[in-house]
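Let the hints inform the model, and build the full structure from the sequences given.
2 protein chains.
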Amino acid sequence: MKKHNYSAGPCILPQEVFEKSAQAILNFNDSGLSLLEISHRSKDFVAVMEEARALVLELLDLKDKGYQAIFLGGGASLEFLMVPYNLMKENGKAAYLNTGTWASGAIKEAKFFGTTTVVASSEEENFNHIPKGYTIPADADYFHCTSNNTIFGTQMKEFPETDIPVVCDMSSDIFSRKIDFSKFDIIYAGAQKNMGPAGTTLVVIKEEILGKTGRTIPSMLDYAKHIKADSMYNTPPVFPVYASLLTLQWLKKIGGIEAIEKINDAKAALLYNEIDRNPLFRGTAAVEDRSNMNATFLLNDESHAAKFDEMCKAAGINGLPGHRSVGGYRASMYNALPLESVQVLADVMKELETIV
Amino acid sequence: MKKHNYSAGPCILPQEVFEKSAQAILNFNDSGLSLLEISHRSKDFVAVMEEARALVLELLDLKDKGYQAIFLGGGASLEFLMVPYNLMKENGKAAYLNTGTWASGAIKEAKFFGTTTVVASSEEENFNHIPKGYTIPADADYFHCTSNNTIFGTQMKEFPETDIPVVCDMSSDIFSRKIDFSKFDIIYAGAQKNMGPAGTTLVVIKEEILGKTGRTIPSMLDYAKHIKADSMYNTPPVFPVYASLLTLQWLKKIGGIEAIEKINDAKAALLYNEIDRNPLFRGTAAVEDRSNMNATFLLNDESHAAKFDEMCKAAGINGLPGHRSVGGYRASMYNALPLESVQVLADVMKELETIV
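So the protein sequences, as listed, match chains A and B.
Position 132 of the first sequence, counting from 1, maps to 132 under UniProt numbering, and the rest follow consecutively.
Position 237 of the second sequence, counting from 1, maps to 237 under UniProt numbering, and the rest follow consecutively.
Any given hint could turn out to be false.
Where chains are identical, the list cannot tell them apart; a pair therefore holds if satisfied intra-copy or between any two copies.
As the list claims (entries may be wrong) - When the alpha-carbon atoms are kept at most 25 Å apart in a straight line, the in silico SDA-like pairs for lysine to any residue are as follows: (1) Lys108 with Tyr233; (2) Lys43 with Ala305; (3) Lys111 with Asn91; (4) Lys225 with Phe112; (5) Lys307 with Glu351; (6) Lys132 with Asn300; (7) Lys43 with Lys307; (8) Lys252 with Glu302.
Calculated directly from the structure, the hints in this document are not laboratory data.
What follows is the structure in structure tokens.
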């Protein structure tokens, strides 16, 4: 049976990424060797890494603008630590916007390094909206925000203007919509939503902002060292990087961010329209801050849950339960989820209305 | 043509690991979903992680001895930093044995945290042997060594007795030979030699040694946090962990470390016998310290190199050039390299002798 995979991450990737990456494990580039058994310094894998790094900058429209893209191991959670290590001066200060679990995690790690100012937080309303109208201190070493919150289903539609460096955790919506990415100084993203499988983290860095803290940085946490080594300071996560390259190639082929944004807008409109129209359901996030990636919603009457879950299962819908801190449902509609899968979900919601 | 893959890492893995992991990317556990698109919190992947962690302890004979096995991202180079963060007291001291490039890297990172004593080093002889007869200071917080050096082809055959915690980087020879692993307090290993593909690092920790430094440790660098979260503090590198599990299952099936050690001994004997017998070649490492994993050797007359390289290529031999800091050749004979591949190399060496 055809599956409709709404997993919040790791999540659906294009079918051709599954097929091509499986083939590379059996026989990479027709070499008679598996992708898994070749040296990361081999010509074939160096080409993979270089193409992936270049394609990131091309898709984000950051070519020749002073940026470098690197693929690290460790997960975006390690960036919570690396960002202050690389940007916060001794006895320095950083400004954070708190929009949820991941932002809170980033704030916690930054406290190791200096003063952390939370410019605004929606924590008291269970992160159901994106705070607005806050002031960013001009003397902070950087401002950090999280563009999309997978758990609470909120997404920043605008980003503040400031003269200090701006760092953004885009783990769950990078490559999904057009933004002027050159307004950011560091963008980081765990691969496992719109870029590839779990196991690598993309970091895009405006090089000129590095080297200004006065700190000595441990090698593996030093962005400059990873850049200097062409993202091969140590053995990189070979397979996750390769599958990410395949996903980026797919995105370019279908027309890049501009094309996928239209599809993502259509998917989100279809589902949110049904949530708003259908008297059985209600959304949990403030309407103006609704995420196009993760739609969070509840049944107004919990007694329909068993029936709805059964119907979802029968329709091949997978990964719909909401995070325990919100409950209800979360439909993650990352780049590779087709519009038809959203139609299937909307149809099940309509059908539930007719039978209860 | 059949390939004989001598890559130093990433390196050859069992053929069934390639086949099963490729299949899991297309359809995992017959779920209709790819391994790459399911939640790391799903029942199916939690089972993978739990089996991998348990199998590590079983194969190392460390079950019910107070150890925990965790799979991290970031590479063994990140452990160079995590070990002192977790074990070195404020104003503490650590003792290191310097046997090569990786040991030197570990020493460099430890200097961030306190005093580092190098108990012995073979650096002046280009690390061609393992130092012996050194004294480990009893007041150090731990002793760190590297069991096998992939670049220089040396391997520790004995480990020192000491009352302080012993930490060992076993990246390139874990699971290859019988050792009393319970003599170690922390064992770490990048997966990409005997355990799996690049992208995850195994850390085996005697739990009782943690929590004694007085330091506050950033979350992602804190072994205790990863243990408490059952190796799922953040999204783990799903595919590398799964492929590692398949490799561990293969090792168990063929008889575990005891069985593979016999095969590894036979492979090493075959190749070193040929290096010592054949007047065209000489080994570079001290005979008593020769690695069973990486045999490093030179041609006595460099003018035969072009012919030898051509013959190797014709025989399907891959990955034989030595590291630039040693030159010559390096035959990496990790667990999954069959004895027949070593026979092919020895035969080419013999054949070269007959024609030059």
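Hints, verified against the model:
1. Within a single copy, Lys108 and Tyr233 get their C-alpha atoms only as close as 27 Å, which misses the 25 Å cut-off; across copies the closest is 15 Å, which meets it.
2. For a Cα distance limit of 25 Å, the shortest separation of Lys43 from Ala305 across copies, 21 Å, qualifies, whereas the shortest one inside one copy, 54 Å, does not.
3. In this assembly of identical chains, Lys111 and Asn91 lie within 25 Å of each other by CA distance both inside one copy and across copies; the values are 11 Å within and 22 Å between.
4. Taking the closest pair of Cα atoms, Lys225 and Phe112 come within 25 Å of each other both inside a single copy (22 Å) and across two copies (16 Å).
5. Proximity of Lys307 to Glu351 under the C-alpha cut-off of 25 Å is restricted to the intra-copy arrangement: shortest distance 11 Å within a copy versus 74 Å between copies.
6. In this assembly of identical chains, Lys132 and Asn300 lie within 25 Å of each other by CA distance neither inside one copy nor across copies; the values are 29 Å within and 73 Å between.
7. Within a single copy, Lys43 and Lys307 get their C-alpha atoms only as close as 55 Å, which misses the 25 Å cut-off; across copies the closest is 22 Å, which meets it.
8. Taking the shortest Cα distances, Lys252 and Glu302 never come within 25 Å of each other, neither inside one copy (42 Å) nor across copies (48 Å).
When the structure is compared with the earlier hints, violations turn up for hints 6, 8 and for no others.
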